[in-house]
Each structure stands twice: as structure tokens, then as C-alpha cells.
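> Here's the letter readout for the chains.
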Amino acid sequence: MGSYPIYFKEPVRWLRWCAHNKPNIFFPCAIAAMGPVFLFVITPLRKKFIYPNAAPLPMGGYPIPNRAREPISGYDDEEEVQATTN
Amino acid sequence: MTEILEILERTEYVWYIIIYILGILLGVAYLTVAERKTMGYMQRRLGPNAVGYYGVLMAIADALKLLVKEIIIVRNGEWVYMIGAPLITLFSVLLSLSIIPLNTGLSILENEYSLIFLLGTGSLGILGTVIAGWMSNSKYTILASVRTTAQLISYELILTTVVFIIVLLVNSLNIEIIIDSQVYIQYVIPLLPLCIIYFIGALAENARPPFDNIEAESELVSGHMTELSASPFVIFFLSEYTSMVLMSILTSIFFFGGYLFPLFDINSIFFLNIFNFNNLYWFFEGFIFSSILFIKTNFFLFTYIWVRASFPRLRFDLLILFCWYVLLPLLFALCLFIPCLLFSFDSLTLIT
Amino acid sequence: MGRQDLPPIKGYEPIQWKRNLPSRGFRPSIWLGMLIGLSSYGFYKLIQGNRENIELSREKLWARINLIPLLQAEQDRDVVRRTLSYYNREAEIMKDVPWWEVRNTYSDKNEFQPPHTVLVGKQLDKNHGIYNGNSRNRWGPDDSPKKETSS
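Protein chains in written order, with this note's numbering: chain A, 1 to 86; chain B, 87 to 438; chain C, 439 to 589.
One should not assume that every hint holds.
In silico lysine to any residue, SDA-like type, Cα no more than 20 Å apart, as pairs [said to hold, decoys possible]:
| # | chain 1 | residue 1 | chain 2 | residue 2 |
| --- | --- | --- | --- | --- |
| 1 | A | LYS22 | B | ALA419 |
| 2 | C | LYS483 | A | ALA54 |
| 3 | A | LYS47 | B | PHE429 |
| 4 | B | LYS151 | B | LEU111 |
Keep in mind the hints are simulated off the structure, nothing from the lab.
Build the full structure now, drawing on both the sequences and the hints.
This is the structure:
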């Protein structure tokens, strides 16, 4: 069996030992550790060098204009409704 | 005449379903013959060859033999469970088949939540084996049903996680959208390891060799269905093979683009110019595209038989350890990694 | 008398002692590299496809947003037309009740409320019963007299 390395003394050899003796744990951990690398390292690089983010989608429906509402007039709604009730 | 047409129109879904189920059951019957014949050739013997030409009628003969036999009802078992347990398993598989699209819009039940439906019906099938094992009042069947449940639940986790990763890629539970988004690339190319894992999980989920500890045919007399005979047994048998077909169809849909084929696309000018648009066109379109789906499916069905003829059986504890210690950590790692990759390249389609 | 079995005159062929092991293919690291290359190409295409899907959904959303004013105007016209005809109908039905005030009896006078009962299509045709059949009239317009249902 032999002695297995201790993590605090020789981390690289410990990793090699893990890769050989517990590959089912080691390689998933390695793959999962690549996720944060992609999140925090590759993303800024991609934004800078390849392409920036796409503009956000207009999920809010019809864009409401950023101004006060103007009451409309001149479409003679009132008269027509009044006329029918008589 | 008009009255007949009207009655046919009002009941058209019933006819669709009857034709669909008849087709599936006939296909499954011939799958058993194909399995015996293929395994025969792989082991340098003949396989079924006596009934009909080349054993063509073997499926019908088998079915007749099993259906004509007397049903033996266990005295201390409730007959409701005896009849009901196989039917639960069979119906759960047939329900799952109803969401399979043969072409765009050509499925019995098309909705936005196909995959949820699929996972639900897939889980229901386990109930049948539990009931059958418990109903028989025998410690061997109870043990077998516990074993079966352990294996099926473990490997269903694998299948669910793979489906979950695909949902992350597509951001839809609709099975047609999953197929449509494989126009760009078939998912077997980026997700080749997942495809293999899914196939292994499907093998175990169907209790096919090399994972057939739950009902090893010669050693552990049929596992949870020891007490069943004739029709109930036939229905269990049928549901097992139907779920084989289902799993093959799902593998070809999730990873090989379903009814889409890269060179023979519905949108290609070539295809649209062959036929005129009339009623016959829709028939040919459905026929061609569902044929593409079933050619892919047949490849996987052959692979099931191929694996059965090639590999020895796994021990049960190794089987469970393989699921929980090897496949599941790998899948969870990929579950963490793939969204990060997609996010970092700004293609996590949270809204489509 | 049969002949005794003897070795062949030229002697036996040399025994093959070396095993015919099949080749193991590439090194594992080369297989891993091929897998990573394939997956990278696949993810490249997949990311392209997903980005294209996002752009397609953006196009769809903007098309719908730009259609909204037109559809809203149509809807408003329709509501006005239905409202007027509703009041007319109410006035015609209740013309014998002197205290009835059209539009104001059972509603808040200050607040406009659109009509809550809308008759569409064949319901407005007094001679026709409520259409019970399949909405897809596949065999063309039917001239056969329908069964009268009480409407």
C-alpha cells in the first residue's frame, strides 16, 4: 500500500495520489472547479476581446414613454355615448 | 356517408391512439423476435426459424401461447393487485409514449411540459413492480421488488439529471423545441459523455443485461414476477420491451435530433420541391420524418441486443456503487460546469 | 487393419505461441484530447445556435410590441361598438319600464364599465340555435338543417 501523501506537506503529489486512487471523486471536482474559472476569468476576457453581451430582451411588454400623460381631446366620445342613451 | 364521416371525425383521437398503440405493440412483438434472432447469430446458432418463413410468425405464436395459458391467481394475494400491477407498469410506459413527436406537431399529447410528464410517468412504472412483489406473499418476491426499486430509483436519478442538463441548454420542457434546437448541432457532439451515460442509465432502468440482477432469467426466477403467469406475466414482459423502445426513442430525441436529419431538413429547398402541396404531401412528410426517427431508434434497439450478447452481468452492489459513486458525481459536476460555460459565452437562453 | 496414426512426414507445423492481441488504439490522453476537441466544436456551434435563438426571440418580441398599438386600436373600436349596441339593446328591451335608466340603473354612474355579456357569431342570429358542433367545419359549409337546440 505504501504511505499516502499529506495534503499540507506536498499538495501536488496528494493530487496525483487522488487522481489515481479516487478518480471518481477527483475528476468531478476538477470539472466542477472549472465552472467558477469560466465565470470569473473567461467572462471578462470574452467581454473584452470576443464579443460584448447582447442587449437585454424587451420582456416588459410595450415600452412606456418616459413623460407625463397628455389627455387627448377632439375625438367626440362624449357626444356619441350621450346620443345613444336617449 | 356523411354521418359515418362525422362519427369518425368526432372520435378521431380514439382512432389515432388505437393505431398508435397497435403499431407500438406489433413493433414490440417483433422486437422480441429480432432479439432472439440477433442473439442467435451473435452466438453462432440459428434462433427462431421454424414458425413461418425465417421465424416471421414467431411473435404471434409466442403471444398466443402465453395468452391461451390459464391464469393462476395466488390464493392469498388479492387478484386486483395481480391484474393491476402489470397494467400500471404497461400504462405508464404507454402514457410516456404519447408525448413522442413523430414529426412537428404529430404527437398524441403535445404540450409545453412534456418532460415533466415524462419524468412523472416514468416514476409511476416502479409502483407496478412494488405491488407485484408485495402481492405475492413470498419473501423472495419481496426481496426482488426491493432490489428492483433500489436499482430503478437510483438510475432514474441519472436519467433525470441528464434530462435536466439538456433542459439547461434549451431552456424549454417542450420536446419539440428540444428537437428543433438541434438544427444547429446535434447534442451528441457537445455532450458525448452524457449520451453514453444516458444510454447506460437506460440499460439499467430497463433492467437489461448487463444490469439485469433484478430478474435474472435463469438464476433468480423472474424476480418480482415469480408468482405471475400467463397474461399478467405477458403484460410485464410487454411493458419491459415497450420501455426499451421508449428509451431508445428518447435517446435519439435528446442526442441525435429526433426526426431531424442534417441533410434532409424540412426547410431545405430540395425537400419542398419534391412533392406538391396536397393531402398526400402531409402523408409523405410524416412518413419520411417518422422513418428518420425510427431508423435512429432501431440503431439503439440493436445496441441493446448487442450489449446483451457481449457483456457479463454486474454484481448488484457494484451496480449501485457505479450509479452513486461514479455516474452521479460526474453528472453533478457537469451540472455545475455547463451553465457556467454557457453563461460565460452569453448564451444561457433564459428566455426564448 | 487400419493404419496407425503417425505424425505427418514433414513434421508438424510450428506452434503459434505468440498471442494475437488486438491493438489498443491511441493512448488514453489522445482519446481524451479528441473528446475535448469534439465537445469544444459542439459547444462552439451550440453557443452560436443559442445566441441566434436569443436574437430570433428578440425579433419576435419586437414584432409583437410594434403590433400592439394597431391591435389595441382595433380592440378599442370593437369595445365601443359593442358597448353602443349593448345600450341600444338594453333600451329596446326595457322600454316599457318607466323608471329604468339605461346604463345607469345597476352600475356606478361615474365609472365606465364595458358590457359583460357579449354575443358573437351565430348567437346574434335569432333563427339559429347555439352552434354545438365541432368548430372545424371540415366538410365544407353544411346545408343540412341542424337540430334546433333551445337557446
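> Does each hint fit the structure? Answer for all of them.
For each hint, the structure was consulted:
1. LYS22/A with ALA419/B: Holds - the C-alpha atoms of ALA419/B and LYS22/A are around 15 Å apart, at most 20 Å.
2. LYS483/C with ALA54/A: Holds, at about 17 Å.
3. LYS47/A with PHE429/B: 12 Å, holds
4. LYS151/B with LEU111/B: 16 Å, holds
Going through the hint list in order, the structure satisfies each hint without exception.
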